[in-house]
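There are 2 protein chains.
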Amino acid sequence: MPVERRKRGTMEIMLDILKSCNQECGVTKVIYGAGINYTVAQKYLDKLIKIGALTSKTENGRKMYEITEKGKILMVHIEEFLKIRENLNVAREKIIELLKVSQ
Amino acid sequence: MPVERRKRGTMEIMLDILKSCNQECGVTKVIYGAGINYTVAQKYLDKLIKIGALTSKTENGRKMYEITEKGKILMVHIEEFLKIRENLNVAREKIIELLKVSQ
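Heads up: the protein sequence lines correspond to chains L and W, in order.
Residues 1 to 103 in full-length UniProt numbering are what the first sequence lists, from first letter to last.
Residues 1 to 103 in full-length UniProt numbering are what the second sequence lists, from first letter to last.
No lab work stands behind these hints, which were simulated from the structure alone.
Fair warning: this is a prediction, and the values are worked out from it, not measured in the lab.
Each hint should be verified, as a subset may be incorrect.
When the alpha-carbon atoms are kept at most 16 Å apart in a straight line, the in silico EDC-like pairs for lysine to aspartate or glutamate are as follows [stated by the list, open to error]:
no.	chain 1	residue 1	chain 2	residue 2
1	W	LYS50	L	GLU97
2	L	LYS72	W	GLU97
3	L	LYS63	L	GLU24
4	L	LYS83	L	GLU12
5	W	LYS19	W	GLU80
6	L	LYS57	L	ASP46
7	L	LYS50	W	GLU97
8	W	LYS47	L	GLU97
9	W	LYS29	W	GLU66
10	W	LYS19	W	GLU69
11	W	LYS83	L	GLU66
12	L	LYS94	W	GLU80
13	L	LYS83	W	GLU86
14	L	LYS43	L	ASP16
15	W	LYS57	W	ASP46
16	W	LYS70	L	GLU97
17	L	LYS94	W	GLU79
18	L	LYS19	L	GLU69
19	L	LYS72	L	ASP16
20	L	LYS100	W	ASP46
21	W	LYS72	L	GLU97
22	L	LYS63	L	ASP46
Examples of chain L residues lying across from chain W (beta carbon under 10 Å, computed) [as the list claims (entries may be wrong)]:
no.	residue
23	LYS43
24	LYS47
25	ILE51
26	ILE73
27	HIS77
28	LYS83
29	LEU88
30	ILE95
Heads up, the beta-carbon is just placed ideally off N, CA and C, and yes, glycines get one too.
Chain L extracted, bound-state conformation (with noise of 0.2 Å):
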């Protein structure tokens, strides 16, 4: 794992799950798109379907998820939330600079 990598959070992983279920997909699928274990994966699935973020069907006895319209909408509004963040981030780090005493 490199060592840049940060912990990610529930804004990250859902926007991760609703991506890889852009497309109908199994749970191994949500697993690597989202880099979560099982138990993860499946306590996140439950809550977006819950939600109406993502549908269920079983196909050949296999669990498969799609996203909604309702899913696609907070997909964008994630994302919004994390670009957000990462100028708050920016910012932060500026006025952290300008706090420092320069000599």
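Dock chain W against the given chain L, drawing on the hints supplied.
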């Protein structure tokens, strides 16, 4: 004190102090401008002088403070930071709304 008044952090306090010192001012104006007590005001004033955001001089036995060019730059960056943080809160609220189970 109004109920909706939220606890103010370092950024808000520094911004208020820098604004108060936009024109030469004494510690009383800082205390009222930033809504803080003498001890807190002194702590922030010392810090802001140390980093070169404020200058101080003694006039008729009274210590006076004034913003510097660096202080003005810091003020702009803090305003920017607070604006972005507000946007982040709005984005977060939208997501929280979408994550609610609608029924």
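Index of numbered hints that the structure contradicts, given in increasing order: Hint check: 11 and 23 fail, others pass.
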